[in-house]
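Construct all of the structure, not just a fragment, from the sequences and the given hints.
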Amino acid sequence: MNWDDLRFFLAAVRLQTYSAAAAELRVNRTTVARRITQLERRLQQALFVHQNQHYQLTAFGEELYQQAVQLEHSIRKLEDSLGLGAQLLDGQLRIAAPLGLGPEFIPELAAFSKRYPQIRWELLNTVDPIAALNQRKADVALAVSNSCPSHIRGHWLGELARAPYASRHYLKSLPADLPLEQHHWIGWGQELAESQAAKWMARELPDDVYKPAEVNSWNAILAAVRGGLGVAHLWCFLADGDRLLQAIRPPTAELSMGLWIMRQANIPPNPRVKVFIQTLRESLGKRING
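Heads up: the sequence shown runs through residues 2 to 291, numbered per my numbering.
No lab work stands behind these hints: they were computed from the structure. Where is the CB? At the ideal position from N, CA and C, for every residue including glycine. Do not rely on the hints blindly, as some may be mistaken.
Unchecked claim - Label-pair ranges, simulated between beta-carbon atoms:
1. Asp241 x Ala112: 13 to 23 Å
2. Ser75 x Ala34: 23 to 33 Å
3. Thr253 x Gln279: 53 to 63 Å
Set out below in structure tokens:
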């Protein structure tokens, strides 16, 4: 069996479409389809069925996938032992990050690019980075979570604290030491009604607290606070460096969450994933933990 055919097969499984696999492997879609057909003819077995614009594995395909992953892992170990990893950095890396928070990591990603210019990364801003990893839409994920799922290999970077902040302009009319219920609070929209911050507001603030607006993203709530519209919980590692903002209370312990770099535990990390994790653990960890 040709390992190169299996490489095409693995890409098609993980990315779920031939077009996405072709982009990953830097070939055209026809080449991917031809290599998969070639492999099926050699094995005399169907590997995929086409459903809802995606390719789903047959029972035989699932068995082959598990064996191919083991073979891939062995090849990665051999490459590492021979010192070949650095030669295999050229290629794409897909990074899932929390919606709105992902762009805040651009300084670290830019530094990563300077160090490894041969790696071309794509930042996927999504509501659920872990889901993007599970769906194989991303190779790695920067995720905010209290824990790491058992099927995911997670590297804890540090704790992200949150505190209520207001703009210094806002505090000229409503002092920081006012009771919390007397402040103007920027609310979270229906899409984020189940978020920790939204639940905290529902539990700790009276129903008639003044909410001039509701938003559904980190970018929007940050802009609203900076614009003097009201008070909201913001990430301390970002808000503390903003000269327009001031915390009106210490961090709220129950709203702290961990920042993780995650990857699939059952997929051997390629050299790009390895150097990304190593680099971001150092740079982001330093930024968060001081």
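Checked hints:
1. Asp241 x Ala112: 13 to 23 Å: holds (21 Å)
2. Ser75 x Ala34: 23 to 33 Å: Holds, at about 27 Å.
3. Thr253 x Gln279: 53 to 63 Å: For Gln279 against Thr253, whose Cβ atoms are near 32 Å apart, the range 53 to 63 Å is violated.
The structure does not agree with numbered hint 3 stated previously, though it agrees with all others.
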